[in-house]
Amino acid sequence: MAIEVRIPTILRNYTDGAKAVSAEGATLEELISNLEALHPGIKERLVDDGSLRRFVNVYLNDEDVRFLGGLGTPVSDGDTVTVLPAVAGG
Amino acid sequence: MLSIPQELVDQIVAHARADHPDEACGVIAGRNGVPERFIPMENAERSPTFYRFDSMEQFRVWREIDDRDETPVVIYHSHTATEAYPSRTDISYASEPDAHYVLVSTRDENDVEFRSYRILDGVVTEEEVRFLP
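Residue numbers (the numbering used here), protein chains in the order written: chain A, 6 to 95; chain B, 3 to 135.
No lab work stands behind these hints, which were simulated from the structure alone.
Be aware that a few hints might be false.
[Unchecked claim] Restraint-style ranges between C-beta atoms, simulated for each label pair:
{"no.": "1", "chain 1": "A", "residue 1": "Asp-67", "chain 2": "B", "residue 2": "Ile-41", "range": "14 to 22 Å"}
{"no.": "2", "chain 1": "B", "residue 1": "Glu-38", "chain 2": "A", "residue 2": "Gly-46", "range": "30 to 38 Å"}
{"no.": "3", "chain 1": "B", "residue 1": "Ala-20", "chain 2": "A", "residue 2": "Ala-7", "range": "39 to 47 Å"}
{"no.": "4", "chain 1": "B", "residue 1": "Thr-84", "chain 2": "A", "residue 2": "Arg-58", "range": "24 to 32 Å"}
{"no.": "5", "chain 1": "B", "residue 1": "Arg-19", "chain 2": "A", "residue 2": "Glu-68", "range": "28 to 36 Å"}
{"no.": "6", "chain 1": "B", "residue 1": "Thr-127", "chain 2": "A", "residue 2": "Asp-53", "range": "38 to 46 Å"}
{"no.": "7", "chain 1": "A", "residue 1": "Pro-45", "chain 2": "B", "residue 2": "Asp-110", "range": "48 to 56 Å"}
{"no.": "8", "chain 1": "B", "residue 1": "Arg-62", "chain 2": "A", "residue 2": "Pro-45", "range": "26 to 34 Å"}
{"no.": "9", "chain 1": "B", "residue 1": "Val-125", "chain 2": "A", "residue 2": "Phe-60", "range": "15 to 23 Å"}
{"no.": "10", "chain 1": "B", "residue 1": "Asn-34", "chain 2": "A", "residue 2": "Asn-18", "range": "20 to 28 Å"}
{"no.": "11", "chain 1": "B", "residue 1": "Asp-68", "chain 2": "A", "residue 2": "Arg-59", "range": "22 to 30 Å"}
[Stated by the list, open to error] Here are a few chain A residues that sit away from chain B, every Cβ distance over 12 Å (derived from the structure):
{"no.": "12", "residue": "Asp-21"}
{"no.": "13", "residue": "Val-26"}
{"no.": "14", "residue": "Glu-41"}
[Unchecked claim] Below 25 Å or equal to it, Euclidean Cα-Cα: the simulated SDA-like pairs (lysine to any residue) are:
{"no.": "15", "chain 1": "A", "residue 1": "Lys-24", "chain 2": "B", "residue 2": "Ile-67"}
{"no.": "16", "chain 1": "A", "residue 1": "Lys-24", "chain 2": "A", "residue 2": "Arg-11"}
{"no.": "17", "chain 1": "A", "residue 1": "Lys-24", "chain 2": "B", "residue 2": "Asp-100"}
Given the structure is predicted, the values throughout are model-derived calculations rather than measurements.
Glycine included, each C-beta is placed from N, C-alpha and C at the ideal position.
Bound-form chain A, shown alone (with noise of 0.2 Å):
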């Protein structure tokens, strides 16, 4: 078993364009190295400077993972992450 990703549509391009990947580690942090591994240039659209960039929603099954533990907070075979990518503006 691994952990299930979920791609938005606007880093689908990383992807091959599929929907959802799988990866693994331990915790988001290790997820997102192995996912950089498998699909390289997604994790520089994630993550800056160490943590999760602010624009950009990454959820541990149900839960927005900034209130968990950001880029530290485990996961776990058969989880699923989803990443939106924030719609905000001016």
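Once you've looked at the hints, dock chain B against the given chain A.
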């Protein structure tokens, strides 16, 4: 071009008027690029110069859209003191390449500007809006 029923236009404008002077925001979901289902969203910023969907509300709405095989056809928000044209922050955070970005301006209380754009890789293209009966 964006073709949109007048009823949805009226709902967007009513939402923008109700939240004035703060910016209002929301989504119209639909299938095959046809705008159908009006979903007003909370502006988590409650600001006259900025908007951001509440992250948990967005999660629930996006999942529902996905479960119904819809897409966010229109993403709308209001400007309350300036024209209905995407701001620099609108352009830099635009992240739905297939969406019509609708801007309404409520700066004039007797008149409303309703305009639509595609925003792709930092490039804004205004498009014609056809109002359907």
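Results for each hint:
{"no.": "1", "hint": "A:Asp-67 - B:Ile-41: 14 to 22 Å", "in the structure": "holds, 19 Å"}
{"no.": "2", "hint": "B:Glu-38 - A:Gly-46: 30 to 38 Å", "in the structure": "holds, 35 Å"}
{"no.": "3", "hint": "B:Ala-20 - A:Ala-7: 39 to 47 Å", "in the structure": "holds, 46 Å"}
{"no.": "4", "hint": "B:Thr-84 - A:Arg-58: 24 to 32 Å", "in the structure": "holds, 27 Å"}
{"no.": "5", "hint": "B:Arg-19 - A:Glu-68: 28 to 36 Å", "in the structure": "holds, 35 Å"}
{"no.": "6", "hint": "B:Thr-127 - A:Asp-53: 38 to 46 Å", "in the structure": "violated, 28 Å"}
{"no.": "7", "hint": "A:Pro-45 - B:Asp-110: 48 to 56 Å", "in the structure": "holds, 49 Å"}
{"no.": "8", "hint": "B:Arg-62 - A:Pro-45: 26 to 34 Å", "in the structure": "holds, 32 Å"}
{"no.": "9", "hint": "B:Val-125 - A:Phe-60: 15 to 23 Å", "in the structure": "holds, 19 Å"}
{"no.": "10", "hint": "B:Asn-34 - A:Asn-18: 20 to 28 Å", "in the structure": "holds, 23 Å"}
{"no.": "11", "hint": "B:Asp-68 - A:Arg-59: 22 to 30 Å", "in the structure": "holds, 24 Å"}
{"no.": "12", "hint": "Asp-21", "in the structure": "holds, 16 Å"}
{"no.": "13", "hint": "Val-26", "in the structure": "holds, 16 Å"}
{"no.": "14", "hint": "Glu-41", "in the structure": "holds, 20 Å"}
{"no.": "15", "hint": "A:Lys-24 - B:Ile-67", "in the structure": "holds, 14 Å"}
{"no.": "16", "hint": "A:Lys-24 - A:Arg-11", "in the structure": "holds, 6 Å"}
{"no.": "17", "hint": "A:Lys-24 - B:Asp-100", "in the structure": "holds, 15 Å"}
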